[in-house]
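> Read off the chains here:
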Amino acid sequence: MNTVVLRSRGGLSVRLRPRALAVGAACVLVAAVVAVVTIGSGDYPMSPADVVRTLLGGGAPADTFIVEQVRLPRVLTALAAGGALGFSGAAFQTLARNPLGSPDLLGFTQGAAGGALIVITVIGGGVVATAVGAVTGGVITGAVIQLLAWRDGLHGRRLVLVGIGVAAILTGINGYLLTRANIPDAARAVLWLTGTLDGRGWGDLAPVLTATAVVVPAVLLGRAREARILEMGDDAATALGVRVRGTRLALLASAVLLSALAAAATGPVAFVALTAPQLARRLTREPGPNLLPSLCMGAALLVTADLAAQRLVPGHQVPVGVVTGVLGGTYLIRLLATERRTGRL
Amino acid sequence: MSITKSPAPSAAPLPAAPPARGRRSARRAGPPAALLLLLAVLAASLAIGARRYSLGEVWHGLLDPDAPAYTVVRRTRLPRTLLGLLAGTALGLAGGVMQALTRNPLADPGLLGINAGAAAAVVTAITFLGIGSVSGYVWFAFAGAGAVAVLVWAVGGGRAATPERLALAGAAVNAALFAYVYAVELLDTASLDRMRFWTVGSLATARLPTIAGIAPFVAAGVLLTAALARPLNALALGDDAARGLGARPAWTRAGALVAVTLLCGAATAACGPIVFVGLMVPHLVRALTGPDLRRLLPYCAVLAPVTLLAADVLGRVLGRPAEIQVGIVTAVAGGPVFLAVVRRA
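Listed in order, the protein sequences are those of chains A and B. Mapping of the first sequence onto this note's numbering: residues 1 to 345, in sequence order. Mapping of the second sequence onto this note's numbering: residues 346 to 690, in sequence order.
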């Protein structure tokens, strides 16, 4: 593997992997281009040049209003939530040691959904309360799964099975909450459950962006190397000096927090957390969690899916979760088939 | 086939002589006890609900068109109870066959996505093809259930499947299919209103034509399962030994797949996707009977409807004055059983 190591005199060193950096940069570029196109499209079309000029602060007043108040927060929410989902998916897949170990399948998303549903159908709160409910539900579910799966440490196999069981229970509870609601609430809840970016403003963006900005560098600087070695198995990792339990806990906590906040901002958008790390891994051709490339890939995926969701059916805004659900489901089947052939699943 | 004529494999190697007598008397007491339990639950299902009747009133309500309880007992609760009986038998047998076929203690028609496959096909038939009757869309349910059964079996690794591989493959298929179901429900609010009750699994909408529509298929599935008990027993010893005993593994597997498809498809078409009944009941029964399917499956056929109807009655009592759908009760009650199995494994 091509690796460049930069060392300072003080003993600090940074390992750079050119291919992974290139993949990350390419994803950022794609995300930026799609973001500009998305901002420029809609009932009030703008040329990409106008969009860029407006973003840099030199646009016409009408353009500035549309961009700053309506379209920019939506695109930024897509980027931040997609990045958070990609990162947490990569962390979960490392923890579960299985390419299917994503928060969608292991109950964390269902927990966040349950919290939000309680707020929507029982308490009747607004957007902010829904987000708070989602984070609370996701974090509580994460703690419960971790408690149930813990025996002499956190093992991938038990994490997977316990997560699936908890997901099934929560699906039942969520269904109950849906049947109890009156029709407008139920429609709002199903829309939220599918995942949508319609009408997202600066207030939706702030929590997920802040958390991503704090958590991601902390994990990357503190635990990224140990997470890489973790994929060799617990015994080998311990022998190589990795603090196995601490690293697993750090990965789990950050992944739960980020996936819950992403769900709070957009609803549980399906399959981004599952797909982004897999695509990133294939492109970087690197073993290991690929945390940063996954984050960039997740951001690019979600913003692209949102553009498709806005344009796909003329005159209709499809929720972005439908697009990722259909695309992700198709990719999932392909993934299952190929991974089985190589025996990695 | 000589091996299948010997006593249950679990009983054979045990040298313990003294408990043998107790076990034999327990064997003799088992079938009447199970049938009594079924009768009790049937009576409870007819008597308990938003309005409670004494057993005498139920009896008159069943037979006498002028009795005050006639409308409720005969028109509403009788179809509901019969449907619970049919669907419970179907799900219990399907779970028992699947656990034997996959040699996997975690196999369940709900957990492995087979019910979701049937549900997605039925939702498609209702929404896009305008098919409204059970006898019309039951065929779609079979197609969906069969397709998912084959898919999960292939993706989970076929004969090399491990419990967590199979469970993950099922969870993935479940997630994809439910994303689709939610997306369809979002398209039009009227179908959301009808289907949100069906999607969680409910006996409440049972009518006699529905029951008549699925009864032949359940009967066919039960007969096929009865014929498969011996060959499946032989298959538990491995393919080579089974062939030596005169069983044909490929035919047995295909037959079991058809049986599971018939049972799950019929049950799901009538009452929506119900999870965990097919997991819980064979597990509890195995503790009584040991792994011999010729004893296990009849108990499943009786005790699974007991479980389903008890869950239904519980939902009526707990949710008063409304009710909690039976699929929700089984998910919440069966989840802990699943987690206990996982943690013991």
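I should point out that these hints are in silico values taken from the structure, not numbers from a laboratory. Everything numeric in this text was worked out from a predicted model, so none of it was measured. Warning: the hint list may mix true and false statements.
Anything over 12 Å on all C-beta distances counts as not near chain B; from chain A, calculated [stated by the list, open to error]:
no.: 1; residue: VAL4
no.: 2; residue: PRO18
no.: 3; residue: PRO61
no.: 4; residue: GLU68
no.: 5; residue: ARG71
no.: 6; residue: PRO73
no.: 7; residue: ASN98
no.: 8; residue: THR136
no.: 9; residue: VAL160
no.: 10; residue: MET232
no.: 11; residue: GLU286
no.: 12; residue: PRO287
Simulated coverage check for chain B against chain A, where a stretch passes if three residues somewhere in it have a Cβ under 8 Å from a Cβ of chain A [said to hold, decoys possible]:
no.: 13; segment: 450-463
no.: 14; segment: 660-673
Even for Gly, the Cβ is constructed at its ideal location relative to N, Cα and C.
> Hint by hint, note whether the structure agrees.
Tested hints:
1. VAL4: 37 Å, holds
2. PRO18: 33 Å, holds
3. PRO61: Given a closest Cβ separation of 37 Å, the condition holds.
4. GLU68: 30 Å, holds
5. ARG71: Consistent with the label, A/ARG71 stays out of reach of chain B, its closest Cβ about 23 Å off (over 12 Å).
6. PRO73: Label holds. Min Cβ-Cβ 23 Å, cutoff 12 Å.
7. ASN98: 7 Å, violated
8. THR136: A/THR136 is indeed farther than 12 Å from all Cβ atoms of chain B, at 20 Å.
9. VAL160: 5 Å, violated
10. MET232: Answer for A/MET232: holds, closest chain B Cβ roughly 20 Å.
11. GLU286: Given a closest Cβ separation of 23 Å, the condition holds.
12. PRO287: With a cut-off of 12 Å, A/PRO287 remains clear of chain B, as the shortest Cβ separation is near 20 Å.
13. 450-463: Check passed, 3 qualifying residues.
14. 660-673: Holds, because 5 residues of the segment 660-673 of chain B bring their Cβ atoms closer than 8 Å to Cβ atoms of chain A.
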